Structures are given as structure tokens and as C-alpha cells.
Amino acid sequence: MTHRWRAVQTYPETIYSMLWFELLIQGIIHGSMYAIIAVGLSLVYGLLRILHVAHAGLFTLGGYLGLLLTNATGSLILATPVAAAVVGVIGMIIYRVCYHPILDQPPYVALIASIGLFIAMEEIYRLIFGPYGLSYARPPLQFQVQFFGIQLRAAEVGMVVVSTVLLTALSYLSQKTRLGIAWRATVDDPQMAASFGIDAVRVRYLNFFIGSALAAVGGIYVSLLSNLVEPTMGGVPSYKALAIIVLGGLGNLKGTLIAALLLGIVEAFGTIYIGQWLDRDAIAFALLIVILMIRPQGLFAGR
Amino acid sequence: MLHLEGLGCGYRDMQAVHDLDLNVEAGSITALLGANGAGKSSTLMCIAGHVEIKTGRIIYQKSDISDSTPMSRVRSGIAVVPEGRRLFPRLSVKENLVVGGYVRPKQRSDGGMAKVMDLFPRLKDRLGQTAGALSGGEQQMLAIGRALMSEPELLLVDELSLGLMPKMVDICYDAITALNRAGMTIILVEQNTHRALEAASQVCVLESGHAVWKGSAGEAAGNQEMINAFLGIR
Ligand SMILES: Nc1ncnc2c1ncn2[C@@H]1O[C@H](COP(=O)(O)OP(=O)(O)OP(=O)(O)O)[C@@H](O)[C@H]1O
Ligand SMILES: [Mg+2]
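Going down the list, the sequences are from chains A and B. First residue of the first sequence? That's 1 in my numbering, and the numbers climb one at a time after it. First residue of the second sequence? That's 1001 in my numbering, and the numbers climb one at a time after it.
These are computed hints drawn from the structure, not numbers from a lab. Do not rely on the hints blindly, as some may be mistaken.
In silico DSS-like cross-links for lysine-lysine, where the CA-CA straight-line distance does not exceed 25 Å [claimed, not checked]:
#, chain 1, residue 1, chain 2, residue 2
1, A, K176, B, K1214
2, B, K1214, B, K1062
3, A, K176, B, K1106
4, B, K1054, B, K1214
5, B, K1094, A, K254
6, A, K176, B, K1062
7, A, K176, B, K1094
Take a look, some chain A residues computed to stay more than 12 Å from chain B by CB distance [unchecked claim]:
#, residue
8, I25
9, L127
10, L261
Note that the structure is predicted; figures quoted are calculated from it, not measured. In this text, a Cβ means the ideal position worked out from N, Cα and C, and glycines have one as well.
Bound conformation, chain B alone:
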């Protein structure tokens, strides 16, 4: 579904990711792992269209989207749950969801919201509250909900579990696996190696912007040497 071919990307004169090849099958969960500053977020935001491509290209559903804008990417089914959630803090929960569904017809907005409420019933009582006033867990739910409103086929999730209490982490992972079972393709960036390996089908490990290990999640979980070398002990 998504192919990164020799992708290099970065900021002005700084290149964060080098020569990355990655194939993402439809219906899979790909975990992008690596230490701080390895280039995980840059890769994700590059797929979403926010980080400048220096080399290589991005093929999504058979077409080259390397030059397309974030707007056309969300229209074609790529949505992002960014690092730090980046909700619209002064908009209400409901308005955040409306923005999420901005590229879809207005009539589908209510249906989309009902689905988000099914997934995260806690948001139901908070629709009128401003997003900035939500707890960290609720913000993460809303960030996922906002992305779902755009009816994505490929969901890019950055730091799903960061800063959340264990129960919240469970809720968010349950949501992600449920979405995946319903057919959504997911790329997951995680600090929490253990949880990511549980959920993922394939794994790509980055170090200083280079892919240093690729394989299935099962192989990764069994390869203690690799985990120690690149991911630290978790």
C-alpha cells in the first residue's frame, strides 16, 4: 500500500532520514522504533507531507505522492496522530472532530462522530469542552478520533503511549488494534518497545536516520541482541 523508496528527508540543510526503504502492506501494523532523535517522527511527518523530501520517493496506492500537499494526502486517505497530539486547544472537542472530517462531506460528519464515540465513550460527555482542558489520555483519544474523522486508510500514529497511565495505554492500544482488524493500515512510532512489538506485524528500527534493522514483529521480539543494541532494555 505504501512504499518508501530510498527516502531521505529533513529540514533546510539538515537531513534527518537517509535512504530509507520500507514496504507497508495493506492491513498491517508497522512499528517504527529507535532512540530519541533517530528520525521516527520525521519519517512519519514526511509521509504526511510536512517534512521536505531530499531524495527518493513515496508511493502510495500505486501513485507517486512525493510532491503532493498534506491536503491532498489526507483526501487520499492518509491521516496523522502527531507527536504531542497537537489538538486545536481553543476549539471544543466537537469542533476538533469537525476539523478532522473537513475533507469529507458534511453529511458524513455525524456518522463519523458516532463511530468515534463508540470507540471512546469518554469523549461523549466532553464534546463541548475545549480540547486544551482535557486530560492527557482524553487528548490522545481525541487526537485519534480527529484523525479517524478523515476516514483514513493509512493511519500514522506518533508516540501513542507517551505520558499515559497504563489503563489509558490499554484503551489506546485496544482502539488501534480494533481499527486494524477492521482493515486499517497503521504505522506506529513508539518509545514503548514492548507494547509496539505486541501490536505490530512488522518492525523497522532507525538509528541516526538510517534503517538498521527490519523484520517481522515476532523476529524482533525474539532478537534480544538487537533490542539491547538499538532500543535499550524495556
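One chain only, chain A, in its complex shape:
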């Protein structure tokens, strides 16, 4: 990234605006990746008031399964939904085994369980898949595409497209269908929702399935961008996603999406303009601190 900074100083005006456009696009690419990861976390918080740290472990698992299935079948198109579905089911199992029995305990109990689970998951991946990380035999979506004069990798475009499509579908499900209405009713008042025949436990399963499957898709695209899957790849996304859901107003879905995009864009510009002083991965927290100083409730009202 530093070579670009130097380049900027010697190029004329038009290149400046070109650079800004490119930074914006890079920001959107990262923002859509953050969004697809953070959404599941936000959903779980909205429904159960649990900070589901182990969510990032599912993101990693998505990366592993996507890569292994792609290597085995040669088809990313096939591997993605299968990996997402498997991870979705594992998310449901985590709810059943880890959270369901301790729901009536204070929230920190679930938080501790979740952190423990996340650490355990990283170790399990290390044991099963080895410590050094895996790569694609023939990495898909690596060809270049032109987008208004910018060179992008197909995987980057794919990240944005897939994330937009899935999150739009999620929004349709939650806003327009009976199931989605039942889901939001359970978030508002689980006892009353049950009183009108909505099974809160089934809503929670659905919640974990969808959130985990989305995280898995995020993991697959991140692995495509870096051509690497390793046990610890969930670490950075896990704390960034936490920053994002706090920024977006805890449990607020729309806020989460906007905060994710905002973080992506701020990071993209930040690497160029404040990159000398602040590491890219620290920008999330700088942004979090600044915004919480101005608006302690986050960008949007939470729950």
C-alpha cells in the first residue's frame, strides 16, 4: 500500500480522483465482507442478548469446507452452498449444545462459553487441518475484470455480488414473509410471540442457521481473496465484527450493514491517509472510539 501513497504525490489531479474511486470500491468490497460476517452476530445479539464470539469460528470453518469441497469437486458453485448449509447446521448445534442450556443465566455466562468455544474451535481446526493453512489447488475467480477503469479480481466482484444478493434475500425474508414477521415478533417479545403460537426455539434455530451460513460464505470469499485458510483466520474478523455491531447499535440489523460498509470505506481511505500512524486493523477501534464519544448508543438506536 505504501507504494501507492508515494505514487499519488507525483501524479496529476485526475489520478487523485481515480484513486479515490478505487479506494471507495475497495472499501465497498471489504465492507460487504464485514457485513456478511457481522449480520449473524447482530441477529444472535438481537434475539438472545448474547455476544456470540464463536461466530468467527464458523466463518473459519466455512473457509475450510469451501476450500476442501472446491478442491475435491473442482466447483466453487457447488462447494459454496454445501459448505454454507453444513456450517448453518453446525451453528444450530452450537445453539442447542452451548447456549440453550444456559439461557436463563446472566449474559456473561454465555459470553464466557462462547469465548471458550471459539478457542476450542481454533484448536480443533489446527488438529484436523494442520497448523499451516491450506490453499486452493486451482484458485477460482482469480482473473481480472475491468470496472470503470479499475482492475479488480473476479473474487472481489463476487464478494460484493454474493453478499448483496444474500443480504437482500435476508431483508426480504425478514420484512415480507410471515416467517420473518414471526422472527421479529420473537425479538420484540418472545413470551407474547409464543402466546400467539410462534415457537421461539425454532426461530432461534433459524436464526443460527442463517447467520452461520452467511458467515461461512464470508469465509469462503476471504479464502478466495488470500488463497489461504488457516486456523486463526477468524481472529481479526471476530473483533471487527464486534466493533461493527456496537457501532451499528447492538441488535440493529440495518445499522450493522451501514456500519460494516462505513468501516470498510474508512479503512480503505485510512490505509492511505493515516496508514503511517495507524495499522489497518486498528482503524476499526479508532472509529469505534471516536463514534462512541459522539454517540454513545452507536450510530443507530440499539435494542
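Following the hints, position chain B with the ligands against chain A.
Leaving out everything else, chain B with the ligands in the frame of chain A:
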């Protein structure tokens, strides 16, 4: 239609209602009266399936529903208008009604909504508004409408008139009596003794979780001594 037999219910180690016997005839309005903390809401929510039964049982339409979930109770025709309305505040008026009809086939949803709009025309212009933004009176209408969407045979109403201006109270009572005339059985919990006695056919008075007086609404209205002793002067 509904029989409470020696019902005791409460929360964890706290028992709110003791040994309550109550028969509710189909097509009647039963008023449950009593001072604050007497156990009225607990009784109602226990019938709806939300408060743990400690002793006795609940017989509804000849079957013992003591162990059944709130979900199966609403399916069998018991709906609740809870204390404080407890709407889904971030859902729209229409979505609240959709949730109300969740246990009924989707095709009947529109018909149910039309009936609610007939009963409460004021809600018609507010279908897209979030429930949390409604006035208190409109919220009570919506709470009743939401319960009606589940096509109940037994309607449990807690604090129908609380916090409403007199005109709103009239609208809500008119709705309740109209529903009752159409055949719905109603259990009504009220602070407003006067209004409740007007509407009700039978009365049960609770004090500290015990039934202390039972009889017809006419007897209750004529029994000033009882009203003074248990219900205060209203
Ligand atoms: N969720 C709860 N947990 C523990 N105790 C409760 C709970 N709800 C009510 N109680 C207790 O049960 C008793 C009966 O309360 P309940 O709400 O049934 O009275 P009520 O007759 O409806 O009173 P009000 O007229 O004030 O609504 C009270 O002593 C109350 O403190
Ligand atoms: Mg009460």
C-alpha cells in the same frame, strides 16, 4: 367451557394464587376483580399458559390443558389481551395482526383483518405505522385486534380500561360486549369495578391470591358491603 379446579399458581418459590375454583360458562363474561397484587393477572396468564401451575388443574372444553404450552392453547382457541398491551412495538400495526393470526391459515388473514377494521375503524389508517407509535387507546384496540386474529373462543382481557380516556373506554367496552353477543366467552380483569360489573355476568373477587367472593354481577353490584370491603369505593 373453562374450569379451574383448586388452581394454585405462581413464580418460582412464590405462590400468587391459591386453591382457586372457577367455572366459566360458554358465552359468559366473567369479571375477575381485586386489589393490586391480588393475583388477577397471574390467574389470567396461568390460563394462557405463562404462569406455572403449582396445584390443581385447568379444564378447557372437557380436556385437561394444565400441561399444554401457550402455543397449543392459542391453537385451541384461548387468546390473551395482556396487561400493558405488550404489542410488538417495532412491528407495524398490520404485522402485529399477522402475528395474531399466526396459528390460523394464511388465507384467513385478510378476512380476520377486515373484521378487526370493522370493529376498530381507527386502525385502518394506521396499518403501516409501527405499533410503538400508536396512542394508548389505539394500542388497546390493536391488542384486542391481535387477539381476535387468532379466532378465539375464550378471550382473556387484562385491564381493559386502564389509562384510557372515557371515550376510549366506551369504544373498548362496546367491542367486548359486541364480541360476547356474537358468542365469545370472555374473562375480564378490571380496576374499574363499575364498568366491569356493568358488562359482566359473573364475578369473582380475589384477595391475596384467594377467591373471597363469587356470584352473579347483579348480586355483586347490589352488595355494597362486599364492594367496600374488597374493591374500595369507585
Ligand atoms: N413475574 C413475577 N415474578 C414474581 N412474582 C410476581 C410476578 N408477577 C407477579 N408477581 C407477584 O404475584 C402477585 C400477584 O400479582 P398479579 O400481577 O397477579 O396481581 P394483580 O391482581 O394483577 O395486580 P394489579 O392489579 O396490580 O395488576 C404479586 O404479589 C406480585 O408481586
Ligand atoms: Mg394485574
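> Given the proposed pairing of K176/A with K1106/B, does the C-alpha separation stay at or below 25 Å?
Replying inline: With Cα atoms ~14 Å apart, K176/A and K1106/B stay inside 25 Å; holds.
> Is the nearest Cβ of chain B still more than 12 Å from the Cβ of L127/A?
Replying inline: holds (42 Å)
> K176/A and K1062/B: Cα distance at most 25 Å?
Replying inline: violated (39 Å)
> Between K176/A and K1094/B, does the CA-CA distance stay at or below 25 Å?
Replying inline: Satisfied, since the Cα-Cα distance of roughly 12 Å is no more than 25 Å.
> Taking 12 Å as the cut and beta carbons as the points, is I25/A off the interface with chain B?
Replying inline: holds (34 Å)
> Is the Cα-Cα distance between K176/A and K1214/B 25 Å or less?
Replying inline: Distance ~48 Å between K176/A and K1214/B Cα, so the pair is violated.
>> Check whether the Cα positions of K1214/B and K1062/B lie no farther apart than 25 Å.
In response: Given that 25 Å is the threshold and the Cα spacing comes to 23 Å, the pair holds.
> Hey, K1054/B versus K1214/B, does the alpha-carbon distance stay inside 25 Å?
Replying inline: holds (22 Å)
>> K1094/B and K254/A were given as a pair; does the straight-line alpha-carbon distance stay at or below 25 Å?
In response: holds (21 Å)
>> For L261/A, is the shortest CB-to-CB distance to chain B above 12 Å, so the non-interface label stands?
In response: holds (23 Å)
Checked against the numbered hints given earlier, the structure breaks hints 1 and 6 and satisfies all the rest.
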